[in-house]
Structures are given as C-alpha cells and as structure tokens.
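These protein sequence lines are chains S and V, in that order.
Under our numbering, the first residue of the first sequence carries the number 66, and numbering increases by one thereafter.
Under our numbering, the first residue of the second sequence carries the number 4, and numbering increases by one thereafter.
Because the hints were derived from the structure by calculation, they are not lab data.
Among the hints, erroneous ones may be present.
Computed, partial: chain V to chain S, Cβ under 10 Å [what the hints assert, rightly or not]:
| id | residue |
| --- | --- |
| 1 | L16 |
| 2 | T32 |
| 3 | S45 |
| 4 | N48 |
| 5 | Y51 |
| 6 | P54 |
| 7 | E58 |
| 8 | Y72 |
| 9 | L82 |
| 10 | S85 |
| 11 | T87 |
| 12 | F89 |
| 13 | N96 |
| 14 | Y97 |
| 15 | G104 |
Quick reminder that beta carbons are idealized off the backbone N, C-alpha and C, glycines included.
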Amino acid sequence: GALVYQYPRRTICKSGTSMRMECQAVGFQATSVAWYRQSPQKTFELIALSTVNSAIKYEQNFTQEKFPISHPNLSFSSMTVLNAYLEDRGLYLCGARGGQGILRLYFGEGSRLIVV
Amino acid sequence: GDQVKQSPSALSLQEGTNSALRCNFSIATTTVQWFLQNPRGSLMNLFYLVPGTKENGRLKSTFNSKESYSTLHIRDAQLEDSGTYFCAAEEDNYQLIWGSGTKLIIKP
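Excised from the complex, chain S in its bound form:
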C-alpha cells in the first residue's frame, strides 16, 4: 500500500539553529508534496506546495528563505526550518499525492519541532 514516512519524529533545537525534516513516499510516486504546520494551538496551515518539474509555491507568511524545500525525485522531499524561533514550534506534516489520477493525499505522522 501507499505510505508516507516522515523523520525525524521529534527534534529539540536551540533558538536560532535550523532543523531539517524529510518525507519519504513508499508505494507510489509523489508527484506533489505539500508541507503543513500544526501550531501549538492545534490549528493547521499550508506552508508550500512542491510539484515535480514546477516551481515550489509558498503560501502567504511562508518564504523559501525561511523554509527551503527540496523535491529531487518522486519519492522524497525535505524541508528545513532555518533560524528556528519559538513561533516556529509545532508539528510539521508532509502530504503527498501521486499522479495519474491518484487523488488521495497521504500524510506522514509529522515531525515535531520544539525550540528551546
């Protein structure tokens, strides 16, 4: 079956340092990968959408300079939170969708960022 793995599951980083998280699609080709964040208040936001062979599209309030994303192939994507501060805390989710009419968005379990 189709699965999405995210790692690390949890990171504690010092304020001002960076954290990289990875997203691996298994069992399908992830032509599109969307990154989301769940805040400590439990609300969810879309950060950016990455589609193979297209430019990465960032939502308002999120930038490539702060959240650079790499999507080098159809099974892998990574996102880095640069210079993390308290407001970057939360659960970062990767949702991946295959091409060829596969509509379902498969989510990983999330990578939790704790900033101290």
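On the provided structure of chain S, position chain V as indicated by the hints.
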C-alpha cells in the same frame, strides 16, 4: 468563520460503547479526510472520502456532499482510540480546511 464545524469538541466514552463524530461544511468540497492525532501527537490517516461510505475495522465514515457533512462512527471503543480526531475538507488544490478537532477519551 467556521467553514468546517466539527462536533462535539470533546467526548468521553466508556470502553466498549459506540459513538459518532460529525463535521459540517459551509464550503464546497469534493473530498474529506479524517485523522487521529494520538496522545503522543502523531497524526494517523484514517479515511480519505469522496461522497459515500468507507469502513475499516471498528471505524466507519460517511461523506454526504449534497448535505455537506461527514460522520465518523466508532464501534466498540477501545482505549487506543483515545486522541483528537480531525476532519479536513480540500477546498482548493492542497488547501485543506481543518475542523477544530474532537478530543476523545476512552475510559476503562
């Protein structure tokens, strides 16, 4: 506003009982997803629905697009069902509108 209204916000169930969670939508959506965020914070995919019904073990979910709601039924609740359940409607491509969650506690 509440484009995806989820109810109840919290629920406490005795082990072995049944219950239903609901999401009402005030946006046009063609797909709904249900997730369980366990007490450790990990998110688990439960269902991805187009209009219709799906069943998986003790869980059953229905999405009625004409009446703009979705339900998640839990049968014979177990302790491991505890956590926060979220529904999410896909409004635009990848732009998910999430419900505010139902915190479910299963008591032995």
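Handout entry: Residue hint V/Y51, partner chain S, criterion CB-CB below 10 Å
Key = The hint holds - V/Y51 has a Cβ within 10 Å of chain S, the shortest such distance being about 4 Å.
Problem - Hinted contact V/F89 with chain S - closest CB pair below 10 Å - result: holds (8 Å)
Problem - Residue hint V/E58, partner chain S, criterion CB-CB below 10 Å - result: Interface hint status for V/E58: violated (17 Å vs cutoff 10 Å).
Handout entry: Closest C-beta approach of V/Y72 to chain S relative to 10 Å, hint status
Key = violated (20 Å)
Practice task
For the hint on V/G104, just tell me whether its beta-carbon gets within less than 10 Å of chain S.
Solution key: Since chain S brings a Cβ to about 6 Å from V/G104, closer than 10 Å, the hint holds.
Exercise for the section: For the hint on V/N96, just tell me whether its beta-carbon gets within less than 10 Å of chain S. Expected result: holds (7 Å)
Problem - Hint status (Cβ of V/L82 to nearest Cβ of chain S, threshold 10 Å) - result: With Cβ-Cβ at 20 Å, over 10 Å, it is violated.
Handout entry: V/T87 as an interface hint toward chain S, with CB separation required under 10 Å
Key = Holds - the Cβ of V/T87 comes within 10 Å of chain S, reaching about 7 Å at its closest.
Practice task
Classify the hint on V/Y97 as holds or violated, based on whether any CB of chain S lies nearer than 10 Å to its CB.
Solution key: holds (4 Å)
Handout entry: Supplied contact hint for V/N48, tested at 10 Å Cβ to chain S
Key = The hint holds - V/N48 has a Cβ within 10 Å of chain S, the shortest such distance being about 5 Å.
Exercise for the section: For the hint on V/S85, just tell me whether its beta-carbon gets within less than 10 Å of chain S. Expected result: violated (16 Å)
Practice task
Identify whether the interface hint at V/S45 stands, where standing means a beta carbon of chain S within less than 10 Å of its own.
Solution key: With a closest approach of 4 Å, the V/S45 hint holds.
Checked against the numbered hints given earlier, this structure breaks hints 1, 2, 6, 7, 8, 9 and 10; the rest are met.
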